[in-house]
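*Asks:* Here's the letter readout for the chains.
2 protein chains.
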Amino acid sequence: MQKRRLKKYAKLIVKCGLNVKRGQEVIIRCGLDQPEFVTMVVEECYKAGAERVKVEWSYQPVTKLAYEHRSLKSLSDFTEVERAEWQRKVDKLTCLLWLDSDDPDGLAGTDSEKIAQANVARYPFIKPFREALNGKYQWCIAAVPGKEWAKKIFPGLSASAAVEKLWEAILTASRVDDDPIAAWKAHNENLARHCNLLNGFRLVSLEYKSSNGTDFKVGLNPVGRFVGGGETTLSKKIYYNPNIPSEEVFTSPMRGMAEGTVVATKPLSYQGKLIENFRIRFKDGKAVEVHAEKNQDVLEKMISMDEGAAYLGEVALIAYDSPINNSGILFYNTLFDENASCHLALGKGFNECVQGYETMTTEECIKAGINESMIHVDFMMGSKDMDIIGVTADGKRVQIFKNGNWAI
Amino acid sequence: MQKRRLKKYAKLIVKCGLNVKRGQEVIIRCGLDQPEFVTMVVEECYKAGAERVKVEWSYQPVTKLAYEHRSLKSLSDFTEVERAEWQRKVDKLTCLLWLDSDDPDGLAGTDSEKIAQANVARYPFIKPFREALNGKYQWCIAAVPGKEWAKKIFPGLSASAAVEKLWEAILTASRVDDDPIAAWKAHNENLARHCNLLNGFRLVSLEYKSSNGTDFKVGLNPVGRFVGGGETTLSKKIYYNPNIPSEEVFTSPMRGMAEGTVVATKPLSYQGKLIENFRIRFKDGKAVEVHAEKNQDVLEKMISMDEGAAYLGEVALIAYDSPINNSGILFYNTLFDENASCHLALGKGFNECVQGYETMTTEECIKAGINESMIHVDFMMGSKDMDIIGVTADGKRVQIFKNGNWAI
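Those protein sequences? They're chains A and B, same order as listed. Take 2 as the starting number for the first sequence in my numbering and just add one per residue. Take 2 as the starting number for the second sequence in my numbering and just add one per residue.
Calculated from the structure, these hints are not laboratory results. Warning: the hint list may mix true and false statements.
Which copy? The list can't say, so a pair holds if one copy fits it or any two copies do.
Capping the alpha-carbon separation at 20 Å, the derived lysine to any residue pairs in SDA-like fashion look like this [unchecked claim]:
| hint | residue 1 | residue 2 |
| --- | --- | --- |
| 1 | 65 | 298 |
| 2 | 65 | 33 |
| 3 | 93 | 81 |
| 4 | 93 | 72 |
| 5 | 55 | 116 |
| 6 | 148 | 36 |
| 7 | 115 | 52 |
| 8 | 4 | 62 |
| 9 | 148 | 37 |
| 10 | 48 | 70 |
| 11 | 137 | 238 |
| 12 | 93 | 83 |
| 13 | 55 | 119 |
| 14 | 8 | 101 |
| 15 | 93 | 70 |
| 16 | 65 | 52 |
| 17 | 12 | 63 |
| 18 | 55 | 30 |
| 19 | 115 | 63 |
| 20 | 93 | 77 |
| 21 | 8 | 63 |
| 22 | 152 | 36 |
| 23 | 48 | 112 |
| 24 | 12 | 69 |
| 25 | 65 | 116 |
| 26 | 48 | 69 |
Could you put the whole structure together from the sequences, leaning on the hints where they help?
*Replies:* As structure tokens, then:
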């Protein structure tokens, strides 16, 4: 990929994704696949005035060995080093950037049960830090091509051709053309207009129907709101874009109100394993039955991580004719695939989907109906012929989606 | 390089270099150049019973940006995260492995003065941890090829051919042939035999002469001793090899007793910068005058890092006909070049070069004449026609080296 375009992408991530401000600290988490691009991002961070930029490199085969060889006790350990790292994030409101390039199947064969148990054991130590950070700091997830990931998407190509093609797909989906920052400004304004329209209807539920078997109803929160695109940090009021790309308009539904069956329309990569051809049945808001043709055990483990893992945290609307879906590429990566299709997320909901969340505690948001969990996992369920009806408090039915696309 | 030979090297590093024991933690510091080999080392650590293996990857261009853009104040900071990391090393006696692959010139152009000042500011925080760890834990420095490093050594070759040739040179120098572990056992026994011989002479000084201009005398410690090859940790009595390869027999000289001029015979890479064609004049044990054709400022900065940086911490004897020197390769890397040539080190001396150090504090070792400093930097001065005479307490003169090689 030409260096000039990559520099634009690096700048987009730093100025529009994280929106790094003078004196801030930045942590970048990434694989070993694109060190030259990571260096460009680091340089843009310093140009934006960052005081310190730390790159935390990781390598899936090493992670896999840890999962295989370390005891549950050792994996469950929350060390003083980690405590200090979390505390520094809280003190400094460190910007956090993930540059994902992982092989979606890179942890296949590891013991899901052990990893899940370790995560459960560690969560009580992490939770207070997460809550202290919630809404207060800038973060962003973007992607760069990894060789294994690219070969999975384009199996017919050589590794280097596949990586080049994945670069093209990532940059196109991320609007990295002539002036990416201007393009994102316009895009954020469009998403905000759609949110305003939806919020104006004051919907109490959404009803989904598709010929693939999806027949599902989810309750919305009377004090909820739809959001999309950029967000603003609570304390410093810094506008940033947590996902590049992002096409979705989403809200957190009312906990306990979901009925019927949802059929997934894309595979889900969870903890390095691919869950394929699955469906989930909900009753009283809870996933009570799951079927998957591949890795059903991973899916079952996922929804039993904690009490809230079987409840919904997110409802997101994306036109079937979205740019990413129209690319015809299945990315095997949530950041992209979630922006190609209407989706739901199991687990934790978002405080910012409650009106007035700026002055509410997390406890108050949970009381208002926002789900709480240690997980938040998106899965895709949009389809070509999906219809979505919104029902208002006074029983009025509004067609929101018709044949997979926006009807409003 | 064939995988089978690399696996032997990985096993040598883990079993003979670090000698990892069941339940231990290991930290591996390395560049991004050889992730597959690093994975082999991680796997060998787990096979040896390691409880946790952490890989701390780094990338010189990112380090360089930090040195360029971060303020002196920020670079001087010693964070609570670092404090927790050091404390864990002290608590766990974590094994530490450096797999060096850096470009010896990779930090060229950065501000030596700023980096030196930051290191000076941080040292008081690090020193107590270093002292608490001194002699108590297993550590090892070994090398793997980096592309830039390999191209510097073999400028006429393509990058991949240069990397392959550097692999061959590293593995040969490290005795990775049929049975590397048996070869290292025999090699350690040979080095120990040479030490016993030297210690039997009870030398008070060494006098160096060479046609290149070296004319130099260094005082030895009456309670000193020569060591070489493997070492044994103080608390747990674990035998390990801190350098792979290692050809040297060395001691720490008597602080304050060094006179005359030493001419370096190989360039010195210090903090990513190459100091070339230099000489140092000593008076009363101290480097009082330096000349370098390239990067003299870096050398001057180095010896003024603190009071002890201009005094000697090490005197090492290696035959001119050493396997590494005979390879004819100039590695631009101290780990190899120091094992190709007699050398000295400026800065910190070694407690283990004092008889009875096992029951002595660092303070007591310093009082006994061991130099103290935040730096320890080797530089090469062995030459083809170097003669070394040892003088005993009763004035007897023993020829130790004749024409660059052992005479005993």
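*Asks:* Of the numbered hints stated earlier in the document, which are not met by this structure?
*Replies:* none
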